[in-house]
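Number of protein chains: 2
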Amino acid sequence: MSLKHTILVLLESESGTGYDIAKKFQGSLGNFWSASHQQIYHELGKLDKDGLVTWKQVPQEGKPDKKVYEITASGIEELRNWMHSPIPSQKVRDHLMVRMVATHLVDPMVLHEQLGEIMARCDKKLTTLKQFEATFFDMIGGKTLQSEMIYLSLKRGIELQESWLRWAEEVQATLEKYRDA
Amino acid sequence: MSLKHTILVLLESESGTGYDIAKKFQGSLGNFWSASHQQIYHELGKLDKDGLVTWKQVPQEGKPDKKVYEITASGIEELRNWMHSPIPSQKVRDHLMVRMVATHLVDPMVLHEQLGEIMARCDKKLTTLKQFEATFFDMIGGKTLQSEMIYLSLKRGIELQESWLRWAEEVQATLEKYRDA
DNA sequence: ATACGCATGTAAACAGTTACATGATTAA
DNA sequence: TTAATCATGTAACTGTTTACATGCGTAT
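Protein chains in written order, with the numbering used here: chain A, 1 to 181; chain B, 1 to 181.
Calculated from the structure, these hints are not laboratory results.
Any given hint might turn out to be false.
Identical copies carry no separate label here, and so any pair may be met within one copy or between two of them.
[Said to hold, decoys possible] With a cut-off of at most 27 Å between alpha-carbon atoms, the simulated DSSO-like pairs for lysine-lysine come out as follows:
#: 1; residue 1: K177; residue 2: K155
#: 2; residue 1: K4; residue 2: K66
#: 3; residue 1: K143; residue 2: K177
#: 4; residue 1: K155; residue 2: K46
#: 5; residue 1: K130; residue 2: K177
#: 6; residue 1: K124; residue 2: K23
#: 7; residue 1: K130; residue 2: K155
#: 8; residue 1: K155; residue 2: K91
#: 9; residue 1: K46; residue 2: K143
#: 10; residue 1: K46; residue 2: K56
#: 11; residue 1: K56; residue 2: K143
#: 12; residue 1: K124; residue 2: K46
#: 13; residue 1: K125; residue 2: K67
#: 14; residue 1: K125; residue 2: K46
#: 15; residue 1: K143; residue 2: K24
#: 16; residue 1: K130; residue 2: K143
#: 17; residue 1: K46; residue 2: K177
This structure is a prediction, so every number in the text was calculated from the model and none was measured.
Generate the whole structure from the sequences, applying the supplied hints.
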């Protein structure tokens with residue numbers, strides 16, 4: 001389980017509300033981790049109970065009050081310990097791959113179409129990532145360990161999407177060979 | 001949720017026990033989906049209750065009895081419907097990427113070492129996949145839609161591991177630049 | 001002796017999704 | 001007036017992991 005640690009990492013770099021955290025999962029970090037707002041609020045409650053974060057009620061005009069969460073010294077300690085623990089092998093859940101094995105049950109063009117939809121999503125994400133990459137070092141100014149690490153994770157996201165697209169095209173071509181066969 | 005469908009796909013291609021299914025998750029399919037034996041038995045129970053699979057008790061000598069599960073007509077129908085439903089975007093949970101963003105909290109060489117461990121795992125998996133790929137079409141004899149799809153998923157697994165390794169080396173090199181800095 | 005492979009399960013805890021619920025402001 | 005953005009939550013359900021539990025055969 002690491003939603004806990006993901007939230008701590010985000011709060012370590014910048015304090016914010018549950019809503020702010022949810023938005024970050026929709027951005028570039030969303031390529032590697034995500035969570036619904038319900039889950040985030042729930043997790044923030046637990047982190048608060050465990051003393052890893054604190055919060056301040058901030059009244060606003062024209063908007064609902066907000067709870068700005070901040071990481072505590074104990075939270076940073078927890079993060080440091082976590083960083084030293086072994087990295088668990090990631091669990092993959094690839095729906096598409098499971099379908100690949102069962103394509104013979106339906107018209108191959110069904111999968112062809114579904115691939116098309118996924119590729120469109122993928123293309124869109126790729127555009128966003130590339131735009132972000134192009135201005136990355138200008139934006140944050142100067143190379144540091146931290147910025148280079150974030151840059152490398154961004155590059156990884158781009159490579160993943162690109163290799164995905166190349167592969168999907170190959171699958172589509174193969175499916176076309178078997179059309180009406 | 002698709003453990004349900006993954007199990008149905010496996011049983012559609014070949015009847016077998018919960019134990020057999022668990023083994024398949026440790027093989028090439030394990031690159032795209034996995035589940036513990038506890039979860040598999042639980043899911044088989046539900047599939048049975050819903051009439052999507054049936055089973056026969058098979059006594060064995062020197063080994064415990066086994067329950068051989070078989071997909072039903074209703075199970076195949078369920079699979080077909082599932083194949084026509086839209087593919088959900090996959091949820092990624094990449095622990096390593098989260099750590100990348102927080103490297104500045106610890107000695108960079110900690111991550112360097114952890115990457116080394118992951119790369120070793122990755123190398124091992126790659127070797128297995130490549131061996132399987134080399135003899136794939138000889139083994140199953142002849143190209144069909146189904147065999148080509150399985151082959152493409154195998155190739156995808158190989159590409160993923162390879163791109164992963166290339167990227168990890170780059171991260172390690174970057175971490176070395178910042179050693180003692 | 002010890003461990004590994006075969007074979008199946010229960011129970012408790014934890015993680016994550018979906019549905020429901022509220023309510024103000026602002027832009028099309 | 002319809003939808004989006006800001007902002008927070010509860011409740012029920014489903015999915016997943018971890019711990020516990022059994023027991024024979026075979027190989028080292």
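Open item on the list: At most 27 Å between alpha carbons: which applies to K124 and K23, within, between, both or neither?
Closed with: within (18 Å within a copy, 38 Å between copies)
TODO: Evaluate K130 and K143 at a C-alpha cut-off of 27 Å and name the case that applies: within, between, both or neither.
DONE: Answer is within: at 19 Å inside a copy they meet the 27 Å cutoff, but 38 Å across does not.
TODO: Check K177 against K155 for me: Cα-Cα at most 27 Å, and say if that holds within a copy, between copies, both or neither.
DONE: Result: close only across copies, 18 Å inter versus 34 Å intra.
Task: Homomeric proximity label, K46 with K143: Cα distance no greater than 27 Å - done: The answer is neither: 35 Å in one copy and 54 Å across copies each exceed 27 Å.
Open item on the list: Treating 27 Å as the Cα threshold, decide for K4 and K66: within, between, both or neither.
Closed with: Within. Shortest intra-copy distance 21 Å satisfies the 27 Å Cα cut-off; inter-copy 41 Å does not.
- [ ] Check K124 against K46 for me: Cα-Cα at most 27 Å, and say if that holds within a copy, between copies, both or neither.
- [x] Cα proximity of K124 and K46: none, with 35 Å in one copy and 39 Å across.
Open item on the list: At most 27 Å between alpha carbons: which applies to K130 and K155, within, between, both or neither?
Closed with: Both ways: K130 and K155 sit 9 Å apart in one copy and 26 Å across, limit 27 Å.
Open item on the list: My question is about K125 and K67: at a cut-off of 27 Å on alpha-carbon distance, are they close within one copy, between copies, both, or neither?
Closed with: neither (31 Å within a copy, 46 Å between copies)
TODO: Please work out whether the CA atoms of K56 and K143 approach to 27 Å or closer within one copy, between two copies, in both situations, or in neither?
DONE: Neither: 33 Å inside a copy, 64 Å across copies.
Open item on the list: Within a copy, between copies, both or neither: which one fits K155 and K46 at a CA-CA cutoff of 27 Å?
Closed with: Neither: 33 Å inside a chain and 42 Å across chains, both beyond 27 Å.
TODO: State whether the alpha carbon distance between K155 and K91 is at most 27 Å within one copy, between copies, both, or neither.
DONE: both (21 Å within a copy, 19 Å between copies)
- [ ] Have a look at K125 and K46 and pick one of within, between, both or neither, based on CA distance no larger than 27 Å.
- [x] neither (32 Å within a copy, 37 Å between copies)
In this structure, the hints that do not hold are numbers 4, 9, 11, 12, 13, 14, 17, in rising order.
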